[in-house]
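Residue numbers for the sequence shown follow the working numbering, beginning at 108 and rising by one.
To be clear, the hints were calculated from the coordinates, so they are not data collected in a lab.
From the three backbone atoms N, C-alpha and C, an ideal C-beta is built for every residue, glycine too.
Incorrect hints may appear among the rest.
Restraint-style ranges between C-beta atoms, simulated for each label pair [to be verified]: (1) 169 / 129: 30 to 38 Å; (2) 150 / 241: 29 to 37 Å; (3) 241 / 151: 35 to 43 Å; (4) 243 / 152: 35 to 43 Å; (5) 152 / 132: 21 to 29 Å.
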Amino acid sequence: MALIDKYFSRDDLKRIAQACAEVEKTTSGEVRVSIYNKKPWRLRKKSVFEVALAEFYRLGMDKTRDRTGILLFILLKDREFQILADEGINRKVRQDAWDEIANGLTDYFKKGRYVEGVVETVKKMGKVLSTHFPRKPDDVNELSDEVSVR
108 MALIDKYFSR DDLKRIAQAC AEVEKTTSGE VRVSIYNKKP WRLRKKSVFE
158 VALAEFYRLG MDKTRDRTGI LLFILLKDRE FQILADEGIN RKVRQDAWDE
208 IANGLTDYFK KGRYVEGVVE TVKKMGKVLS THFPRKPDDV NELSDEVSVR
């Protein structure tokens, strides 16, 4: 049994993907969630930031038209969380704002409220994004909303 199965059911993952889709109705930002059971062997000595950055590029988060991709990265085994945004977002929103939102996920995990924590975190990300990056009339969904699980 993979570690993720202790935290999230298939329906939970669908609920998280739906939260991403809902957020994207209000912003030109492209939101994804990626959940790793643990660090891959080749990245075992890397920080959560470095592992999240590798995942950011693997998922093509840097390929959006306006460079408005943003990733919520969850490392289950270590209970570490990272939010990474592309350069379009970083021009307007400082990393410490994302760090504060990601740190809030810790409390949900301590209470065993995993899916609720991820959904609420995605909503908080969306609130910030919609302020700085409202949805454009010609906006299209450039990236999958599906949760990436590894």
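* Should the hint that residue 243 and residue 152 are 35 to 43 Å apart at their CB atoms be regarded as holding? -> For residue 152 against residue 243, whose Cβ atoms are near 41 Å apart, the range 35 to 43 Å holds.
* To do: Please test the hint of 30 to 38 Å on the beta carbon pair from residue 169 and residue 129.
  => Given range 30 to 38 Å: violated, Cβ gap about 23 Å.
* Does the Cβ-Cβ separation between residue 150 and residue 241 fall within 29 to 37 Å? -> 36 Å, holds
* Asked: Between residue 152 and residue 132, does the beta-carbon spacing fit 21 to 29 Å?
  -> 40 Å, violated
* Should the hint that residue 241 and residue 151 are 35 to 43 Å apart at their CB atoms be regarded as holding? -> 41 Å, holds
The structure fails hints 1 and 5 (numbered hints given earlier, in ascending order).
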